[in-house]
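Chains as they are written, first to last, in numbering that gives the first Met the number 0: chain A, 0 to 262; chain B, 0 to 262; chain C, 0 to 262; chain D, 0 to 262.
Just to be clear, a hint being listed does not mean it is correct.
Chain A side only, calculated, beta carbon under 8 Å to chain B, not exhaustive [as the list claims (entries may be wrong)]:
no.: 1; residue: GLY6
no.: 2; residue: TYR10
no.: 3; residue: ASP19
no.: 4; residue: ILE23
no.: 5; residue: ARG48
no.: 6; residue: LEU50
no.: 7; residue: TYR109
no.: 8; residue: TRP122
no.: 9; residue: ILE123
no.: 10; residue: GLN129
no.: 11; residue: VAL207
no.: 12; residue: ASP233
no.: 13; residue: GLY258
no.: 14; residue: LEU261
Note that these hints are calculated values from the structure, not bench results. Positions of the beta carbon are idealized from the N, C-alpha and C atoms, including for glycine.
4 protein chains.
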Amino acid sequence: MTSTIAGPVGYSLPLSPTGDASMITPPPWHFAGDVIMVDYRIDPEVARRFLPPELSLGDDPGAAAAVFADWQWCSDDGAELADPARCQFTEFLILIACEYEGRTLARCPYAWVDAPVPMVRGWIQGMPKQIGDIHQIRPKTVGRAGPRPGAPGRFDGTLSVHGKRVAEVTVRPASRIEKPPLLHDVPLVHTRFFPGWIPGETPLTQLVMSEVTDVEFSEIWSGAADLRLFDALDPDFASLAPVEIGSGYVFSYAETLRGGKLL
Amino acid sequence: MTSTIAGPVGYSLPLSPTGDASMITPPPWHFAGDVIMVDYRIDPEVARRFLPPELSLGDDPGAAAAVFADWQWCSDDGAELADPARCQFTEFLILIACEYEGRTLARCPYAWVDAPVPMVRGWIQGMPKQIGDIHQIRPKTVGRAGPRPGAPGRFDGTLSVHGKRVAEVTVRPASRIEKPPLLHDVPLVHTRFFPGWIPGETPLTQLVMSEVTDVEFSEIWSGAADLRLFDALDPDFASLAPVEIGSGYVFSYAETLRGGKLL
Amino acid sequence: MTSTIAGPVGYSLPLSPTGDASMITPPPWHFAGDVIMVDYRIDPEVARRFLPPELSLGDDPGAAAAVFADWQWCSDDGAELADPARCQFTEFLILIACEYEGRTLARCPYAWVDAPVPMVRGWIQGMPKQIGDIHQIRPKTVGRAGPRPGAPGRFDGTLSVHGKRVAEVTVRPASRIEKPPLLHDVPLVHTRFFPGWIPGETPLTQLVMSEVTDVEFSEIWSGAADLRLFDALDPDFASLAPVEIGSGYVFSYAETLRGGKLL
Amino acid sequence: MTSTIAGPVGYSLPLSPTGDASMITPPPWHFAGDVIMVDYRIDPEVARRFLPPELSLGDDPGAAAAVFADWQWCSDDGAELADPARCQFTEFLILIACEYEGRTLARCPYAWVDAPVPMVRGWIQGMPKQIGDIHQIRPKTVGRAGPRPGAPGRFDGTLSVHGKRVAEVTVRPASRIEKPPLLHDVPLVHTRFFPGWIPGETPLTQLVMSEVTDVEFSEIWSGAADLRLFDALDPDFASLAPVEIGSGYVFSYAETLRGGKLL
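I would like the entire structure built from these sequences, with the hints used as guidance.
This is the structure we're talking about:
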């Protein structure tokens with residue numbers, strides 16, 4: 000005998016009678032983070048191989064960035080902010096410049112976070128987040144153990160994955176600039192991808208652009224930078240090693256992520 | 000200008016030029032684990048509310064189980080076994096008895112693992128795995144710090160989530176039995192579910208049964224058991240509290256998971 | 000034949016030929032942290048039982064505080080700041096007011112940090128630090144996911160130990176105050192204690208006061224507070240439950256810890 | 000006014016009114032573990048530099064071993080075994096052969112565990128344990144995801160510290176042997192060391208030998224081995240790199256640690 004009720008519901012797994020068990024809350028999701036970012040360049044041919052055919056390299060082939068961010072997030076009612084163990088995460092990601100119908104976009108080939116909720120949220124939107132150990136220096140307003148916010152100093156970030164060091168950045172902000180670094184100020188274009196499971200099933204594959212509102216930048220400080228990517232992962236990751244390192248940036252950033260649209 | 004290449008590939012995100020970056024290897028996946036399991040009963044009306052309409056309660060409404068498992072896994076080439084940090088995980092899950100077209104199946108409303116790869120693999124097959132802290136006693140062949148394998152003793156398991164204790168079991172195996180506990184010896188029926196992201200998009204929803212081969216049980220020992228579920232999560236989880244506690248089991252178990260089929 | 004060399008050296012274990020293997024660097028240690036603190040009161044008789052006989056309760060018996068802090072630290076050369084995984088830790092501690100020769104001091108019966116280096120450093124100075132999961136809200140200068148620094152808002156902190164929730168605070172800073180909260184502005188008095196190991200050996204026991212310089216407070220904001228201590232540890236910890244909850248504070252704080260002196 | 004009570008007590012910090020808060024239980028401590036071990040050789044001059052002057056190199060200068068162990072432990076009443084999150088830890092250590100008054104002993108220059116209680120217990124007895132990420136293959140009695148116990152197979156172990164890979168071993172047990180590997184069957188000789196804190200204070204320094212009873216070995220299997228130590232820590236650690244790699248061993252081992260005696 001089949002039940003006549005509708006069955007368990009939810010925005011994500013686990014589905015449950017009321018939907019309260021869902022691991023992920025529905026968007027919008029509000030983010031506020033502190034960013035350490037380095038512009039760099041990769042081999043344009045490598046960049047091209049990471050792009051789906053709908054995207055081109057654009058007018059600055061090989062432009063890339065490495066981004067560390069220390070986030071706090073909440074759903075629309077802000078409830079998560081009452082539980083600091085659940086509303087914080089750190090992130091490291093690589094961005095590659097690309098273009099769609101004449102518009103510059105950023106493509107994220109690799110990303111890591113230190114918590115499962117942002118990882119799954121990444122997969123829902125097509126951002127390939129995995130779990131890593133991610134740390135970055137925080138500015139301090141008092142004492143000697145850290146740089147001052149909004150002032151010259153030194154900011155380091157490190158990523159380790161599976162117990163191996165994968166990436167390090169050092170940024171020495173020297174002066175305030177007005178314009179945000181390009182790759183942090185253009186939409187991200189992701190491939191939503193859900194593997195098939197039934198033999199012969201085609202994976203869900205959608206090329207989508209993130210819909211973001213309420214973008215806010217703090218003061219942006221810029222200066223000399225270093226980026227070290229170590230050959231501790233797969234050869235495709237290794238191919239993203241810098242051929243040139245550009246400027247570094249330190250700033251805070253907020254956005255509200257509302258969903259995606261098909262390209 | 001659009002690239003003419005096919006774009007990055009892979010079994011899962013991250014997609015990359017060669018596919019080597021994929022977080023998840025394609026099935027089959029081979030598992031070998033040590034299990035501590037407790038049969039128990041929940042309110043049949045609660046059980047019904049956790050089942051999708053295609054499934055019925057079957058002839059033992061309210062039959063449930065709590066399962067701790069300490070796993071090792073590998074892909075078909077066994078490569079993961081050379082990196083012990085990556086081929087081990089622990090798991091806790093709840094199972095509910097159900098029926099489809101006269102066949103007894105097990106439904107998993109909640110599951111936790113301690114590593115991201117098995118979590119994502121869970122979502123690919125529709126198993127609602129989240130991340131938790133999961134520990135269980137291991138038998139030891141020497142000394143006083145643990146029970147002997149294949150002998151009377153005491154085996155405890157604990158689950159904590161977000162820094163709160165969620166579940167505890169105690170099993171005191173007393174004698175060997177021949178027949179595996181029912182809910183560990185029937186197929187799992189999951190709802191594969193991938194949330195929508197484009198406004199108005201319907202989530203991917205598929206009712207699937209896991210395709211498993213090479214099932215192997217060790218000696219199975221059984222005895223008195225206790226199960227403690229704490230009200231530290233959502234109300235739907237709390238509704239799965241035991242109304243009666245049955246036998247406990249300690250055994251090792253292996254299987255190969257090959258994919259799923261639609262119900 | 001006995002070697003004639005001096006043997007391995009170091010400030011702490013591991014001793015090694017050059018001393019570079021030492022887990023702990025010698026003081027001074029520089030700290031900069033963000034603090035969420037709640038004044039509260041415990042039963043004065045309980046307070047007395049936590050004090051060594053050399054200390055008295057002073058003129059405010061039962062005054063206590065719960066303190067969350069999010070630290071960055073470095074040794075004198077600042078080298079640790081280049082490795083953000085190693086120079087950050089979080090802390091929760093309880094303070095009890097006490098008095099020695101007419102001087103108000105603070106006694107720390109329990110403390111937790113989330114990293115081993117500050118834990119061992121605690122034991123060297125007599126501070127009873129253990130390892131826990133400690134999280135606290137960080138102010139953000141942009142966006143909706145967090146309170147603004149130096150402004151009214153809400154700041155929560157949580158402590159879990161061994162997978163169980165142990166302490167939670169909520170502070171709602173409403174206005175700026177001039178005077179630091181008393182128990183964060185007096186010296187700490189610890190019992191340095193190293194257990195005996197040779198049968199019959201007396202443990203090393205020294206009553207010491209920390210020698211601190213370069214104290215710096217940011218703006219101090221104060222407001223209503225809540226403190227929840229859960230009965231998840233030993234009965235002695237449970238005896239420190241609040242009989243009254245006072246004001247809450249949010250501020251940043253820096254100090255240099257240089258050593259100790261015997262009382 | 001000074002209190003007339005004796006003050007807080009305990010085997011270790013935190014001291015408390017009843018002593019129940021102590022992080023460490025008093026010995027004896029019972030251990031049962033699964034060991035993967037590799038004999039190797041270091042430069043004898045390096046070995047000498049790691050020994051205190053009371054110890055000599057003995058008749059096999061430069062003999063060393065790398066040991067992975069997967070432990071369960073309990074105090075005399077066995078209470079910890081009811082909480083599997085607290086009675087398990089993993090360990091990696093280096094051993095160097097040495098001699099005192101004609102007796103072969105083992106010296107441990109570096110050790111890592113994955114939990115704070117065994118780390119502190121290490122410092123109490125003079126074993127220089129730090130915290131690391133330590134994983135080793137477990138034998139499985141069923142399925143394909145692991146070697147069988149007591150049979151030829153492959154066993155790997157890995158150590159990462161501060162997000163960097165530090166050590167890896169591979170052992171391929173081929174046949175059973177009767178005699179335990181020497182360095183796992185001789186007493187450990189440690190330097191108990193507690194840094195000074197009061198300016199000018201001499202650190203507590205004691206050369207002690209561990210007092211162990213109830214030693215038990217399982218079947219011991221031996222075979223070819225590999226050991227890889229990476230230059231990810233201090234130069235003193237790097238100096239312990241293998242100049243020759245010997246046999247590998249896989250076995251289970253139990254002991255009761257009762258205290259120490261001065262050399």
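Status of the hints after comparison with the structure:
1. Given the 8 Å rule on beta carbons, the hint for GLY6/A holds: about 4 Å separates it from the nearest Cβ of chain B.
2. Contact between TYR10/A and chain B, as hinted, is supported at the beta carbon level, the nearest pair being about 6 Å apart and thus within 8 Å.
3. Taking 8 Å as the C-beta cut-off, the interface hint given for ASP19/A holds, the closest approach to chain B being about 4 Å.
4. Annotation: interface hint on ILE23/A holds; nearest CB of chain B at approximately 7 Å, less than 8 Å.
5. The interface hint given for ARG48/A is met, as the beta carbon of that residue sits about 4 Å from the closest beta carbon of chain B, less than 8 Å.
6. At its closest, the beta carbon of LEU50/A sits 6 Å from a beta carbon of chain B; the interface hint therefore holds under the 8 Å criterion.
7. Against a cut-off of 8 Å between C-beta atoms, the interface hint on TYR109/A holds, since the closest Cβ of chain B lies about 6 Å away.
8. Proximity of TRP122/A to chain B holds as hinted, the smallest CB-CB distance being about 6 Å (cut-off 8 Å).
9. The interface hint given for ILE123/A is met, as the beta carbon of that residue sits about 5 Å from the closest beta carbon of chain B, less than 8 Å.
10. Checking GLN129/A against chain B by beta carbon gives a least distance of about 5 Å; that is within 8 Å, so the hint holds.
11. Satisfaction of the interface hint for VAL207/A is found here, the shortest Cβ-Cβ separation to chain B being roughly 6 Å, below the 8 Å cut-off.
12. The restraint placing ASP233/A at the interface with chain B holds, with a minimum CB-CB distance near 4 Å, inside the 8 Å limit.
13. Look at GLY258/A: its Cβ gets to within about 5 Å of chain B, closer than 8 Å, so that hint holds up.
14. The beta carbon of LEU261/A is positioned within 8 Å of a beta carbon in chain B (closest approach about 6 Å), and the interface hint is therefore held.
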